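There are 4 protein chains.
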Amino acid sequence: MDDKPKCSCGVFGIFGAKDAAITTYYGLLALQHRGQEAAGIVALSKNENGKPIFNIHKKLGLVSEIFNDEKLFENFLVGEAAIGHNRYSTTGASDSAKNIQPFTVTYRMGNLAIAHNGNLTNGHKLREELVNEGAIFQTTTDTEVILHLIARSKLTDQVEQIKEALQKIEGAFSIVILTNDKLIGAKDPRGFKPLCIGKLNESFIVTSETCALDINSAEFLAEVDPGTMVIIDNDSLVNQTYRVEKLSNETVSKKHCIFEYIYFSRPDSRIFGNNVDKMRRKLGKVLAQKHPVVDKDGEKVIVISVPDSSNTAAIGFQRQLTKQNIDSRLEIGLIRSHYIGRTFILPGQKAREVGVKIKFNTVKGVLENKTVALIDDSIVRGTTSKQLIKLLREANPKEIHLRISSPPIVSPCYYGMDFPSKEELIAYKFGSNIEEIRDYLDVDSLEYLTIDEMLDAMVDHSRDDFCTACFSGIYPIPVDQDVTKEIYEP
Amino acid sequence: MDDKPKCSCGVFGIFGAKDAAITTYYGLLALQHRGQEAAGIVALSKNENGKPIFNIHKKLGLVSEIFNDEKLFENFLVGEAAIGHNRYSTTGASDSAKNIQPFTVTYRMGNLAIAHNGNLTNGHKLREELVNEGAIFQTTTDTEVILHLIARSKLTDQVEQIKEALQKIEGAFSIVILTNDKLIGAKDPRGFKPLCIGKLNESFIVTSETCALDINSAEFLAEVDPGTMVIIDNDSLVNQTYRVEKLSNETVSKKHCIFEYIYFSRPDSRIFGNNVDKMRRKLGKVLAQKHPVVDKDGEKVIVISVPDSSNTAAIGFQRQLTKQNIDSRLEIGLIRSHYIGRTFILPGQKAREVGVKIKFNTVKGVLENKTVALIDDSIVRGTTSKQLIKLLREANPKEIHLRISSPPIVSPCYYGMDFPSKEELIAYKFGSNIEEIRDYLDVDSLEYLTIDEMLDAMVDHSRDDFCTACFSGIYPIPVDQDVTKEIYEP
Amino acid sequence: MDDKPKCSCGVFGIFGAKDAAITTYYGLLALQHRGQEAAGIVALSKNENGKPIFNIHKKLGLVSEIFNDEKLFENFLVGEAAIGHNRYSTTGASDSAKNIQPFTVTYRMGNLAIAHNGNLTNGHKLREELVNEGAIFQTTTDTEVILHLIARSKLTDQVEQIKEALQKIEGAFSIVILTNDKLIGAKDPRGFKPLCIGKLNESFIVTSETCALDINSAEFLAEVDPGTMVIIDNDSLVNQTYRVEKLSNETVSKKHCIFEYIYFSRPDSRIFGNNVDKMRRKLGKVLAQKHPVVDKDGEKVIVISVPDSSNTAAIGFQRQLTKQNIDSRLEIGLIRSHYIGRTFILPGQKAREVGVKIKFNTVKGVLENKTVALIDDSIVRGTTSKQLIKLLREANPKEIHLRISSPPIVSPCYYGMDFPSKEELIAYKFGSNIEEIRDYLDVDSLEYLTIDEMLDAMVDHSRDDFCTACFSGIYPIPVDQDVTKEIYEP
Amino acid sequence: MDDKPKCSCGVFGIFGAKDAAITTYYGLLALQHRGQEAAGIVALSKNENGKPIFNIHKKLGLVSEIFNDEKLFENFLVGEAAIGHNRYSTTGASDSAKNIQPFTVTYRMGNLAIAHNGNLTNGHKLREELVNEGAIFQTTTDTEVILHLIARSKLTDQVEQIKEALQKIEGAFSIVILTNDKLIGAKDPRGFKPLCIGKLNESFIVTSETCALDINSAEFLAEVDPGTMVIIDNDSLVNQTYRVEKLSNETVSKKHCIFEYIYFSRPDSRIFGNNVDKMRRKLGKVLAQKHPVVDKDGEKVIVISVPDSSNTAAIGFQRQLTKQNIDSRLEIGLIRSHYIGRTFILPGQKAREVGVKIKFNTVKGVLENKTVALIDDSIVRGTTSKQLIKLLREANPKEIHLRISSPPIVSPCYYGMDFPSKEELIAYKFGSNIEEIRDYLDVDSLEYLTIDEMLDAMVDHSRDDFCTACFSGIYPIPVDQDVTKEIYEP
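Residue numbers (the working numbering), protein chains in the order written: chain A, 1139 to 1628; chain B, 1139 to 1628; chain C, 1139 to 1628; chain D, 1139 to 1628.
FYI, nobody ran anything at the bench for these hints, they're computed from the structure.
Quantities reported herein were computed from a predicted structural model and do not represent experimental measurements.
Just so you know, not all the hints are guaranteed correct.
Said to hold, decoys possible - Each pair of labels, with its calculated beta carbon distance range:
#1 Lys1236/B <-> Asp1446/A: 35 to 43 Å
#2 Glu1388/D <-> Leu1198/C: 55 to 63 Å
#3 Lys1263/B <-> Asn1270/C: 22 to 30 Å
#4 Thr1294/B <-> Gly1569/C: 44 to 52 Å
Claimed, not checked - Taking lysine-lysine and the PhoX-like style, the derived pairs with C-alpha atoms no more than 20 Å apart in a straight line are:
#5 Lys1184/B <-> Lys1236/C
#6 Lys1416/B <-> Lys1502/A
#7 Lys1438/B <-> Lys1416/A
#8 Lys1236/B <-> Lys1189/C
#9 Lys1236/A <-> Lys1236/D
#10 Lys1184/A <-> Lys1236/D
#11 Lys1197/B <-> Lys1197/C
Glycine included, every Cβ here is placed at the ideal spot set by N, Cα and C.
This is chain A alone, in the form it adopts within the complex (with noise of 0.2 Å):
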């Protein structure tokens, strides 16, 4: 449904290629999905004196509505490096506006242009500190802060610069940094967000998921590791390598964020080693093991998904239930209107009446008496699915089943994750009481994935791979909880 955690970005930089701008225009089209608010492209070209300079084009929209003018790639992002971001604003329209990313500044050792998927958790105190110092800020976000860190280096080496910067930096980053000369991709130590390496001919590229190589037909190499940063410059061109180096030398385990594979990547990425379709599948399959559905009848259950984000999860479910014997059968009885785009939803009584009717309808002969389990991936607020589930019953069905393909959510994300406040998620509201929740949606019944069972679905990864701490609370790297979360989104 839409009632969705939002994820902080996508980021897409390449070295080395023609129309870098171009190839990063559509990488930025394929990661759409990662944030939906904003966009900019920022390309390395070169002044008449040939002296290295960055052109910039960043706005708040859709990419397709940011970058609609030709002449934009023939005139003014040309060169053969870029780098791009996705992100979703926080605030205000217009406050955000400043917090566009990719951010270029100018400092000592040239222009300097970055884009970070993530947040930091030591971004309020470095801020701080640095503001102490008299640093001027021009946007509220923590990513600035790493811009100022390194232009504050004492080191010669641009590269030890931004190494030495990214060591100071906590939490979770996926970044993209662009100089006069060179890209730079790197990790955080826990590896929270996915980032990719492909190849485009003889260009580098480094991204958040395989979708933005697919796009540009590139080629994969490799995910960058967690704790590396990978430099690529004109020897990789010539040697067609790149170099990694390591942030430290200190092993942490990997803190992956589960909901990439639950909700945020798509499913035709390959993102922690793993597809994450299969992974989906997986997490469908294990609840209807552990939360199958019924006709209390012995009829048929007519399986369907909230398209499209639990369409894979759905298949999974449904293929278990068969193996399990329980007679049932994947439908589509949810229609998802995907031509509406952004849609001006007009005020007054009709807008409440419309509501989700805007984006969905459904296909009324395939539940009418029917026992429906319906799949959905995750629930935030449950404002939504409360709203479709009215929806459905306007159908007829005999029951409804909700089956969540990930546990409640309960805690914060301070990594990067947009969540409405504590006070707004359902399953804390409710106290993770599954039966309120249950009656409150006003479905037959509900069940969650706990957070074993999600654990368990995760083939070819160990348990300790992931950060849980939205549906357990466990911070894999320490925040003062009392401390409300703004303070670390400075």
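Based on the hints, put chains B, C and D in the right spot on chain A.
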């Protein structure tokens, strides 16, 4: 795939509701799939002297782009009756601006607005006659002919004038007309295109598909019978009923556009007395019965659809394979990007490379080394299909078997569907030689439904109920085939 | 000041030039003062089959805003003939969109486009007759009547059809018409509005004012004589001459709109056989002769104009004072802001305070303690004048004497000028009691020209050459004054 | 003419008024002539927690285009203090977007916004120092240097921090600064650029010219003295007075930019202690004394100005001719089109032909066979002048004598005026050889004011009060002339 025939339009009318234009706006949103190039709404209001006036807003673009200003509905599109229209533009954007419906004119009985789905076969002849009598035309559409016929009627009663005009026209028309004091819906005697009647509180709605009722939480009352017109006026509001008049005493057999079931209508709509999704599942089922796919090594067959239009047929197909004891599995093998909106495709080599990848990506894990049954509802030019199959090949399937849930398209439609010219139709080009098409598309096997098989799938219908002209070349209303198609689209 | 009568329009047509639409664009730029609400250009081109087609672009806004895309002229408004139009919208912006000229239609002789300056007095009657015969109307303008009359002509020659139509209409019309193969200009028998003929290389131009020739470096050939039509076609290009036809054999006396000299036309244009600036200077001169301003203490009088429209009259006024040995000096006492464009006036109290200050500021040094003669060309409602005088008072002049270079406006115009309703005219409101107007405006003295004095100033003209209806209430073409003015603007 | 030096900017600040941003908007409208490429407003508001926040809206375009949405002021630019800025962009549109002022940042004392008119001569040096200390820069302007200097101050009092920063910078600066709780205005010790203080009810305003007070009906209090800063805070509102602090104890002589009198400032403004229009009239008077124009046949000389900037000088010129008993007459010989806005000049041959005619047309009647004295305030490149004189020649004057109310421009300005490069200056190009310039422009005679004559015209001023660097090459603040000008605009 994208290479589909184009539906000519969607229409919506409402009479007797406070926010008539807002309801129409939501209706057009639900009908967006019937025409994505332009839309318009005309609302019946009164000026300061109490005289009825028509306020109209129409433009090129998606419904959500055209009606994106609340003030439009607050200050301008006010009043208790309205009609709206979605359309495809056939030619250049600028030229077609004047052809955007609804059309509004004034004549001696006051204001008149019309929105039309379908195409007239005697439009050209009637237009010629009118022009010779001194009529002036603003558009190049046959719809304008209807307005002239109404205005030139010697009859004094407006309903009779409209009836007389509708009796003179031939071809396909599902129409809504708004006058100073009534809403009229009418369908041609053969009932080519869908048109239904709904009720929202005290008000009445006439619209193309039931999904436009659902979005407004309106009740479905009935379909408009072929060869009838429905009159809704203030009396209807008082009596809570509407008048029906026959256009002619002669009876002709129904000739529904079978493509409405195959592709045009939304699967959640009910048209021609049946649920669209049911018919579409049945088409998939017959396709599997007659043209199953088996793995040459006896392994599991992976059934995938070209999302989203073929999803239902794929479900029917896979289910039937199972019934036939063919080991198969429904999978999501193609991901369709829905965020992209009106993507700006950049020019140059890059564009050619990116091609179909902007919209589709494969889920590699489910395709690799598998025998894939790819279900699509139709093929027009075949160019997009070819690209898509090339994309699938990159995921290394064992074999790709393409199954089409309709017959080869070989003849032009003169009743409202928009194809490329006959010469561009892949089936026409290869003289219906399926082996040659298979070779061109580079699939391991290719099967279409035959016309007979397709008609077999039309449960609850007589085989005679349908127009199959585009597959059979048999035209239920004679058209002069020596004449180019354009002459029917004056 | 801003509170001026509004001119109904400017027209431009060209035949036989390579960049016909570009020349038209520049012509409309020069005629922008005649209509600032909307503009349009239609260009005669050929489609791929060599068939003549009309491409049109028209919109609400300034010429520079509407035609701000080079591609429009490169790809769309191509061809060797074009006509254009500037207009004022009379009612709501949205409603009037359909009334933007040129109008283009097709009829049995092909394409037809028209642009019209003026107002028909029998438009309403003709429209009624046409409507009763079954005509349908797209606009609420009387111009559309002309198109119907042409289309319904029983004659076979197109020029004769047009002539017949023009013979049927009464009132004021300076018109350009474009057909598939000719450009026609025509002026009503009384010659209310200006229309002239020019030549640019081999091509011919017909346009409202000579300033539209000047901007294109075109040569002025002649004015179109009242009651004649000018035909320009391919023969004209060969023979380098144009045909003239009389609309009627009857002769009526000329009745030029005297407001064209007073305010509408640009001072650099030549109309009705004379330079506008000369007549305007003469009006100022007579104003000084008959209504001089002297300082009560014998000090120098400061003569200032309301810029820019009254600048020339002020020069004439001051020069005459000198001739009469009245010590005076021309100064710039009011600065008009020209950068502001379409200023967004914010609502609320602030807006009322700011008022006229958005456009005007005083030059304090030249006004303080001085007797000021303020020259304006006309007063309509008087509200802006009142505000402006309040503004001048803040600069502490000794006295302010307002002199108007035209008589009080007391009657509506039925021939194409756009006033507020009679009741809003300050002179009508105060029953032409100048002392009361003076009191309302808060000036030390107020004098208008009398009608006789105004006509005296019209050197090189007979006194009978002019329509003075708005000052005298004497209408050269009878209008039914019991009928509201609106009926003449159907 | 259009070929003028460009003023660097206009600034406006207000503290203590309910609609601070609206007042700023009107102020920027009045200052539009000082910068027409971009504008911005930042308003000081409070967030939901009562914390001061800065809301900013800035864009390329005219003030009326940028602030064209009422909602902006209702919902976003709220609060009781605001500053605004108009600017010229120096380079490409896209690049300069980041350089649009006001700039806003946060530092350890909270929010900081700045708007700057002028140019720093040590900006480049200071920037280099800052960069070496690890500062990062967002813009390429010297204004950003000031923000860094404030943020890096070791002092604890904010006013002292700002004072310290202003003491470090050299060059021309008329500045407004907004902090969380105060508005600060400051002028460099030489007072290159105007800056004045006004009062609107209880609130205080600091702005470039008095015309920005007039539009708001605000009272003029005083000019900001060179080398001082003005502090307005809540105490000022209580005491209804403002604090003034000296930037330095040292005294340097005033060096007003004389071009403010010649061309930049509006004639209705008061700057440097005098009315601009008075000084401009005086320049015209001295021009006539020293460089009169007489007709060779003793006939009347027609004095015309290049509207509107030279109107006042032309009045002074003609009046002096009369005093010298030279028979002359002031006429309007050139009409300037003010409707055209940002005219889209079409490419190709047509554009070259149209050239200056888009903006100007001659009034032929007043020029034919006359000796014309054409008054202009300055010549930069001379290209527009040349075109304009060509245009005048088409009206067949007897002779054209060009008189310039300032000396030849031969040297670049390093203090905030924007010229083309030295090599493009016509006077530099022809080595100040006026005869050659005359020949190039094709006038019968050409005379400039000498520097001495110009200074003679500066009544109520000492000759030392002015910077005449662009005419004399004598720079009041040393600049390294070997260095290109660009280095001063980092």
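Hints, one by one, checked against the model:
At about 38 Å, the beta-carbon gap between Lys1236/B and Asp1446/A stays in the expected band of 35 to 43 Å. For Glu1388/D paired with Leu1198/C, a C-beta distance near 60 Å keeps the hint of 55 to 63 Å intact. Under the hint 22 to 30 Å, the C-beta atoms of Lys1263/B and Asn1270/C, about 26 Å apart, fit the expected range. In this structure the hint that Thr1294/B and Gly1569/C lie 44 to 52 Å apart at CB holds, the actual value being about 49 Å.
Taken as a hint, the Lys1184/B and Lys1236/C pair is honoured in the structure, with Cα atoms around 18 Å apart against an allowance of 20 Å. For the given pair, Lys1416/B sits about 10 Å from Lys1502/A by alpha-carbon distance, which is consistent with the 20 Å threshold. Annotation: proposed proximity of Lys1438/B to Lys1416/A holds, straight-line Cα distance about 17 Å (limit 20 Å). For the given pair, Lys1236/B sits about 19 Å from Lys1189/C by alpha-carbon distance, which is consistent with the 20 Å threshold.
For the suggested pair Lys1236/A and Lys1236/D, the alpha carbons sit about 10 Å apart, so the restraint of at most 20 Å is met. For a cut-off of 20 Å, the pair hint linking Lys1184/A to Lys1236/D stands: about 18 Å separates their Cα positions. For the hint linking Lys1197/B to Lys1197/C, the alpha-carbon distance of about 13 Å falls within 20 Å, and the restraint holds.
Hint compliance for this structure: every hint is met.
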